[in-house]
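Colleague: Here is what each chain is made of, one letter per residue.
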Amino acid sequence: MTERFPGYDVLSKRSTPSWNQQTRTVIDARLATNPEAHAFFDSVEWETLKAICARIIPQPADRQHPVPLAAMVDEKITTGATDGYRDARVPPMGEAWRRGLGALDAEAMARHQRSFGQLGAAEADGLLSAAQQGFLTDPAWDGLCAELFFKQRIIPDIVGAYYAHPTAWSEIGFGGPAAPRGYVRTDFDRRDPWEASEARPGREAVALRENQRVGRS
Amino acid sequence: MARRALADLEERLPAPRPTARMFRLPVRHRRQEATSAGRQTNVAAAVLALSVLADSSVEHYRGSFRNPAMVAPLGAAALTLAASLLGAADDRPQRHTGRDAVYALAALVGVVGLGFHAYNIGKRPGRLSWHNLFYGAPVGAPAALALAGVLGRVAEKVREGERVFGLSADRVLAAVSAIGLAGTVGEAGLLHFRGAFQNPAMVLPVAAPPVAAGLLGAMALSPSKPLGRIARLLLRLTAGLGVAGVGFHAFGVHRAMGGWRNWRQNLINGPPLPAPPSFSGLALAGLAALALMRGRDDD
Amino acid sequence: MSDAADQIRATNGRAPDVLRVGGWTTMRQYPDDEEVDFVIVGAGAGGGTLACRLAEHGFSVVALDAGPYWRPLEDFASDERHQSKLYWTDERIVDGEDPLQLGANNSGQSVGGSTVHFAMVSLRFRPEWFKARTKLGYGADWPLDWREMWRYYREVEQTLKISGPITYPWGPKRPRYPYRPHQLNAAAQVLAQGAEATGIKWTTTPLATLSAPRGLAHPCVYRGMCVIGCATNAKQSVLVTWLPRALAAGAEIRDLAMAGRIEHDTRGRATGVRYHRDGLWRFQKARNVVVAGYAIETPRLLLNSASPRFPDGLANSSGLVGKNLMVQSNQAVWGMHEREIRSYKGPPSLALTEHWNYDDAKDFFGGYCFMSQGTLPTVAAGIHAKRGLWGQRLVDEMQRYNHQVGVKMVGECLPQERNRVTLADETDRFGLPVARVTYSYCDNDKRMIEHALAAMRQNLAAAGVGELFDETDDTCHLNGTARMGDNARDSVVDADCRSWDIPNLWVCDGSVFPTCGGVNPSLTIQAIACRTADRIKALAARGEL
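Chains as they are written, first to last, in numbering that gives the first Met the number 0: chain A, 0 to 216; chain R, 0 to 298; chain U, 0 to 544.
Simulated from the structure, these hints should not be mistaken for lab results.
Each computed DSS-like pair below joins lysine-lysine, with the alpha-carbon atoms no more than 27 Å apart: (1) U:Lys-445 with U:Lys-200; (2) U:Lys-361 with U:Lys-172; (3) U:Lys-445 with A:Lys-150; (4) U:Lys-130 with U:Lys-172; (5) U:Lys-200 with U:Lys-361; (6) A:Lys-150 with A:Lys-49; (7) U:Lys-385 with A:Lys-150; (8) U:Lys-361 with U:Lys-445; (9) R:Lys-122 with U:Lys-200; (10) U:Lys-172 with U:Lys-200; (11) U:Lys-134 with U:Lys-200; (12) U:Lys-385 with A:Lys-49.
So, partial list: chain A residues that the calculated Cβ filter (under 7 Å) puts toward chain R: (13) Pro-16; (14) Pro-179; (15) Arg-180; (16) Val-183.
Restraint-style ranges between C-beta atoms, simulated for each label pair: (17) U:Gly-198 with R:Ser-56: 38 to 44 Å; (18) A:Ala-109 with U:Thr-471: 29 to 35 Å; (19) A:Gly-93 with U:Gly-465: 39 to 45 Å; (20) A:Arg-202 with R:Val-110: 32 to 38 Å; (21) U:Thr-471 with A:Ala-204: 38 to 44 Å; (22) U:Ala-460 with A:Pro-57: 31 to 37 Å.
Quick caveat, the model's predicted, so the values are computed rather than measured.
A virtual CB, placed ideally from N, CA and C, is assigned to each residue, including glycine.
Work the whole structure out from these sequences, hints included.
Modeller: Rendered as C-alpha cells:
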C-alpha cells in the first residue's frame with residue numbers, strides 16, 4: 000500500500016504556532032521514551048508484552064523508530080495512570096497485566112510448546128483471537144477472564160499508547176497539536192495549509208508537495 | 000431597467016429647483032467642477048476596489064481557490080483599482096473608453112459573483128438561514144465589486160457633463176453612494192451581529208453611516224443646503240470610521256488567540272482588515288456628489 | 000510545566016487568575032476554626048456556581064475541591080494522553096449487568112469540575128420533564144416548576160455567553176442566546192444534511208464556547224480539543240466564569256482539598272467538613288455544609304460520613320442515598336464518508352437534533368437527542384477496537400480517520416433503585432473507602448437505544464455515509480443518587496436542595512435529579528445552583544436557615 004499522506008510529518012509543525020511550549024514539553028518526553036525501558040515487568044513478561052504489542056499494532060518493518068508501545072504500557076503502570084474505573088471482575092491494572100501475560104505465555108506453551116514471544120505471527124494472532132473471544136481457560140488465568148483482559152487491558156492500553164504518538168498521527172493524517180493556532184477551514188474536503196494532504200489517486204505529487212509545506216510556520 | 004426606474008423616479012419628483020441657475024454658470028467653470036467631482040469619484044471607486052481586492056483575496060484564499068472562477072473578482076478588482084487610479088490622475092473632462100470597459104467588467108463580475116454566492120448559500124443545509132448568512136459565501140462582497148463598477152461608470156459620466164442617464168449627475172451619484180452605504184451598513188451589521196456586538200465600538204458602523212446614507216438619499220431626492228451640511232459632516236465621519244475600523248480590526252486580530260503571531264488564522268477568522276475602508280470609499284463618493292451640488296448652489 | 004497537579008495554588012491570600020499566564024488574583028481566606036456560613040464540597044457545575052451566587056448574596060463561603068487549580072493558557076497541552084490529568088482517575092469499582100466506564104467521559108477532578116473538559120453542550124430540559132411522572136407517565140416528578148427554571152436557565156446562559164442559534168426549533172420560545180452560533184464543520188453538516196433528507200429538524204448546538212471575544216477570553220479557534228481541556232479559554236467552564244466572580248465576591252476556593260467526612264454534633268446538625276490538604280487532615284467549621292461532588296462522590300461522602308447516630312450515612316433516612324443512579328446512554332453510529340470530514344476540527348458537537356425528545360409517539364418512555372461528533376485519534380481508535388478490530392485491520396481502518404464521521408445520542412435512562420453507588424472494601428490514597436458503581440439498563444433503556452441506533456443509522460445513510468457500524472456500549476453523564484422530591488420518604492433533598500434529615504446539610508449537583516432528561520445536564524445543574532442560592536438567601540432573610 001502506498002502512503003496515504005506522503006511526506007507528512009506532524010513533528011514538522013513543532014516550531015509553528017500550532018504547538019505551544021507545554022505541548023512541546025509533553026511530546027518531547029514521549030519521543031524520548033526508551034523502547035527497552037521497563038520498570039514494572041520482568042524480562043519474561045517484557046518479551047511477551049512486546050510480542051503482543053507487535054501483533055495488536057503491526058508497525059512497518061522499515062520504520063526507523065517504531066512507537067515504543069511496550070515501554071509506554073510499562074510507564075502507564077509504573078506512574079499509576081489509572082483509568083478511573085475498574086471492572087469488579089478484573090484485578091488492578093498491574094496485577095491484571097502480570098497475570099494476563101503469564102497466562103498467554105502458558106497458553107502458548109500448551110498449544111505450541113514455545114513461549115508467546117517465539118510464536119509466529121499467525122500463531123500469536125490465533126491465541127489473541129482466542130483470548131478476545133474468551134476461549135482461553137488455562138489455570139494460569141487464575142480467575143481472570145481472558146476476554147475481559149483482552150478488552151479492558153490489552154486493547155485500551157496498547158491501542159491508546161499507539162495513537163497517542165506523533166508517528167501514528169502522521170500515519171493517519173491527524174493535524175496534531177493545535178494551540179494557540181487551531182483551524183480555519185472546517186468544511187468538507189477542506190484543509191488548512193498546516194494540515195495533512197491526502198494522496199488520492201492521481202494527486203500523489205500534489206499531496207507530497209503540500210505535505211512538505213505543512214511545517215512552514 | 001435601472002435606468003428606466005431612475006427616469007420614472009425623476010418624473011415623479013418635483014422639478015429640481017437649482018437647475019434654473021445652472022445655465023448662468025460659465026461653461027468652463029462647470030466643466031472643471033464636473034471633472035474634479037468625477038476624479039474624486041474615481042478615487043472613491045479606487046478605495047472601494049482596494050477594499051474588495053484585499054477582502055476577496057483573503058476570503059478566496061480561505062476558500063483555497065477551489066473554483067477557478069474565484070480569481071475573477073481579484074482580477075476585476077485589481078483592474079478597477081488601476082483604472083480608478085489612472086482616472087484620478089486624469090484631469091481631462093472626457094470619459095475614457097478603457098476605464099469605462101473595466102468598470103463595466105467589474106459590475107458584471109460582481110453580479111455574476113452574487114449569483115455564485117447565492118447558489119453557495121442555497122445548497123448549504125439550512126438554505127437561506129441566519130447561519131448561512133453568517134458563514135456562507137457573503138452577499139456583500141460581490142455587491143461591493145459591482146458597486147465599485149457602477150461608481151466608476153458614474154465617475155466617467157460625471158466628468159463628461161451634467162446628466163447621467165438623463166438625470167442630473169450629482170443626484171445620481173448621491174443616490175448610488177447612499178444605496179451602497181446602506182448595503183455596506185447591512186453587511187457590517189450582519190457581521191457585527193455575528194460578533195454579538197461584543198465591543199461597544201462595533202455599534203459605530205451601524206450608527207453613523209446609516210444616518211449618512213439616509214441624508215445622502217434625501218439629498219438625492221430633494222437637495223437642500225442645511226441638509227447638505229449635516230450630510231457632509233456625517234459622510235466625513237463615515238469616511239473616518241472606515242479608516243478607524245481598520246485599526247479596530249487590527250486590534251481584534253491581536254486580541255484573538257495567538258495574536259499577530261497566529262496571523263495565518265487570525266487574519267482570516269478574525270475581524271476582516273479590508274472591510275471597513277469600503278465605508279470610506281462610499282463616503283468619498285457621497286462627498287463628491289455633495290461637492291457637485293454645492294458647486295452649483297454657490298455660483 | 001505547571002506544578003498545579005501536586006502543589007496547592009490557592010493560598011497565601013491569592014488564587015490563580017485563570018485568564019492570564021502566571022496571573023494571580025486576591026482571595027479572601029478563612030481559618031479552619033472560623034465557622035463560615037457555607038463550606039461547599041466540590042467546585043464544579045453545582046458547587047462552583049453555588050459558591051459564586053452565595054458569596055454574591057453576602058454569605059461567607061469556602062469551597063473545597065479535590066482537583067488542581069489550572070490556568071488553562073499555560074497548563075493545558077494539546078495531547079489526549081497528558082490531559083487525562085483533568086479526569087477523576089482514582090480507582091472506582093464498576094459492576095452490574097452493564098458496568099460503566101468512568102473517568103474521561105463523565106468525571107472531572109479539577110477546580111471547575113468536569114466543566115473543564117465537558118463538550119459544552121448547553122441545552123434546556125423539555126418543560127414536561129420536570130413533571131415526568133404526571134405528564135409523561137414515567138420516573139418521578141421534580142418539585143420544581145419549569146417556568147421558574149426557565150428564568151434560571153436564562154441567568155446561566157447569560158453568564159456562560161452561550162453561542163446558540165437565532166431561533167431554537169423545539170419547545171417554548173426562549174430568549175435569544177447571548178452569542179451567535181459557530182461555523183459548522185463537515186461532521187455537523189452531515190447531521191444537518193441527514194436531518195433535512197429525512198424531514199426532521201436540526202439546529203446548531205447551543206455551546207458554552209465563545210464565538211466572539213469576551214473580556215480577556217479569546218474566541219474559539221476550532222482546535223477541536225474541547226474534551227481534553229480548552230487551552231484558548233474560549234470554553235466557558237465554571238473555572239473561568241463563576242469562580243472568578245466567586246473570588247471577587249469574597250469566597251475562598253481550596254484546591255487539592257479532598258473531603259473525607261462530614262461531622263455533626265449531638266443534635267444531629269452538621270458542624271463542618273474533615274478534609275485532606277497539603278499532607279494533613281484538617282477540619283473546616285461551618286454553619287452549613289453543601290455536598291456537590293457529582294453523582295458518585297456525593298453519595299460516597301454521605302455514606303463515608305456514617306456515624307453512630309446515622310449508621311447508614313448522612314441524609315439517608317429514606318435509604319435513597321446512592322440509589323437511582325442514572326447515566327445517559329451514549330451510543331453512536333459511525334461510518335465512512337467519501338469526502339474528507341476531519342472531525343478533529345471545531346467543537347465536537349456543532350449540530351444536533353432534539354426531534355425525539357419532543358415526539359411522544361414512541362414505544363418507550365423518555366427521549367433522546369443525537370449530535371454530530373468529533374473524535375481525537377485515541378478515541379477514534381478505541382471505537383474501532385471496541386468492534387473487535389485490532390492488528391493490521393485496525394491500522395488500515397485508522398488510515399481513513401479523516402473520513403470517519405458519526406452521530407451520538409444522549410438518551411434518558413430511567414431511574415432504578417438497583418442502579419446505585421455503594422462503598423467498596425478497597426480504600427483510596429487517602430484511606431477512604433472507594434465507590435462501587437452498579438449499573439444495569441432496564442428494558443425501556445434498551446428499547447430507546449434500539450430506536451436511537453436506527454434513527455442515527457437513517458440519518459447518516461440519508462447523508463450519504465457508508466459502511467455504517469454501531470458503537471453500543473458507551474454512556475455519559477451521571478445523575479441521581481440523592482434525588483430531590485416532595486417528601487422525606489421518597490427523596491433525599493427538597494426543592495431547595497436541602498436534606499430532609501439534617502437541615503443544615505445540602506446537596507447541589509447532578510445527584511439531585513429525579514429524572515435525567517434527554518439532554519446534557521450541565522446547564523440544568525447550574526440553573527438549580529442559581530435557584531438554590533436565591534432560595535437560601537430568601538430562607539436566611541426569614542430566619543429559616
